[in-house]
Each structure stands twice: as structure tokens, then as C-alpha cells.
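Build out the structure end to end from the sequences listed, making use of the hints.
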Amino acid sequence: MFAIPGKPPVTLTPAAAAQIARLMAREQAAGFRIGVKKGGCAGMEYTMEIAQEAGPMDIVVEDGPARVLIAPMAQMFMIGTEIDYETGLLESGFKFRNPNVVETCGCGESIKFREADAG
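Each step along the sequence shown adds one to the number in full-length UniProt numbering, with nothing skipped, and position 39 is 39.
None of these hints come from the bench; they were simulated from the model. Please note: incorrect hints may appear among the correct ones.
[Stated by the list, open to error] Computed list of lysine to any residue pairs in SDA-like fashion (alpha-carbon distance at most 25 Å, straight line): (1) Lys112 to Gly39; (2) Lys38 to Pro65; (3) Lys38 to Glu103; (4) Lys38 to Phe94.
[Unchecked claim] Beta-carbon label-pair distances, calculated as ranges: (5) Glu49 to Thr104: 17 to 23 Å; (6) Pro65 to Val102: 30 to 36 Å; (7) Pro65 to Val101: 27 to 33 Å; (8) Gly64 to Gly6: 18 to 24 Å; (9) Cys41 to Arg97: 29 to 35 Å; (10) Glu103 to Gly55: 18 to 24 Å; (11) Val102 to Ala25: 34 to 40 Å; (12) Leu89 to Lys112: 17 to 23 Å; (13) Lys112 to Ser92: 21 to 27 Å; (14) Gln28 to Gly6: 28 to 34 Å; (15) Lys112 to Glu53: 28 to 34 Å.
Idealized CB from N, CA, C, for every residue including glycine.
Written out as C-alpha cells, the structure is:
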């Protein structure tokens, strides 16, 4: 597992924590799983899903009633990320402020992470 001892790998803004808690309550879920997968024009995409239980290798981050489960493949990419939930006139959704991202595609849906050997 990837983490800095004593510090959660991700933090939630109050808006994100409230939205995750609402989704969990509505679905009677154990948490909100965040992952990454290959895809999109920049190479990787975030995945988000309601989870009925934590996986044995998930990192669990709790903020009040909100519970985020970080999938194993995503853990090294998520360290230092702030998750927000923004509501606008045209769209609403989760926003990831991730210091490990070096590039995003034009539509903002896919990301490229810093190479492990790049300073």
C-alpha cells in the first residue's frame, strides 16, 4: 500500500464529503471507491463507483459519514489529492486536484501522471 504514515492519501472538501455521504446513504453503501484505468487521450482516467464493501487492499479514508475507498492500482497516483464537489449552472461533479497529474486532455476527462523516474 502507498501512503504517508499519519496522513491520509486524499482529503475531501466539505462539499465532496457531503456529496459522498448523500450517495452512500441513498445506495446504503459501505463507501465510494476511487480508482484509475487506462483510457482517454491523455492516457488515464479516474473511476468512481458506489461500493457495498471495502476490498482487502483498499485504503479507507473517512471524513464524518463519508467513506472513500482507494483501489489498489490507484493508491500511488492519489497521494496528496484533494477531492472537491462543484455545482455549476451547466454541470456538477467531483473535481480532483492531484499534484501527481502533469497533463490533462482538452475535455478534462483524462489525465497523465508524472513518470516515476521524472523529478
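Item to complete: Using the Cβ atoms, figure out if Pro65 sits within 30 to 36 Å of Val102.
Response: Distance hint for Pro65, Val102 holds at roughly 34 Å.
Worksheet item: Is it true that the C-beta distance of Leu89 to Lys112 lies inside 17 to 23 Å, as the hint says?
Response: Taking Cβ atoms as reference, Leu89 and Lys112 lie about 29 Å apart, which means the hint is violated.
Practice prompt. Could you say whether the range 27 to 33 Å given as a hint is met by the Cβ separation of Pro65 and Val101?
Written response: Because 28 Å falls inside the window, the suggested range holds.
Worksheet entry | 25 Å Cα cutoff - pair Lys38, Glu103 | Cα-Cα ~14 Å, so holds.
Item to complete: Go ahead and decide if the range 29 to 35 Å is satisfied by the Cβ distance of Cys41 to Arg97.
Response: violated (21 Å)
Discussion item. Taking the Cβ atom of Lys112 and the Cβ atom of Glu53, is their distance within the range 28 to 34 Å?
Written reply: This hint holds: roughly 31 Å between Cβ atoms.
Practice prompt. Could you tell me whether the CB distance from Val102 to Ala25 stays inside 34 to 40 Å?
Written response: holds (36 Å)
Discussion item. Given the hint of 17 to 23 Å, is the C-beta distance from Glu49 to Thr104 inside that range or not?
Written reply: Since Glu49 and Thr104 have Cβ atoms about 21 Å apart, the given range 17 to 23 Å holds.
Item to complete: With 21 to 27 Å as the target window, see if Lys112 and Ser92 comply at their CB atoms.
Response: At roughly 25 Å between Cβ atoms, Ser92 and Lys112 fall inside 21 to 27 Å, so the hint holds.
Worksheet item: Gly64 and Gly6, beta-carbon distance inside 18 to 24 Å?
Response: holds (19 Å)
Discussion item. Just to be sure I understand the hint, the distance between the Cβ atoms of Glu103 and Gly55 should be within 18 to 24 Å; is that true here?
Written reply: Check failed, 29 Å falls outside 18 to 24 Å.
Worksheet item: Under the criterion that the straight-line Cα-Cα distance not exceed 25 Å, is the pair Lys38, Phe94 satisfied?
Response: holds (19 Å)
When each numbered hint is compared with the structure, violations occur for hints 2, 9, 10, 12.
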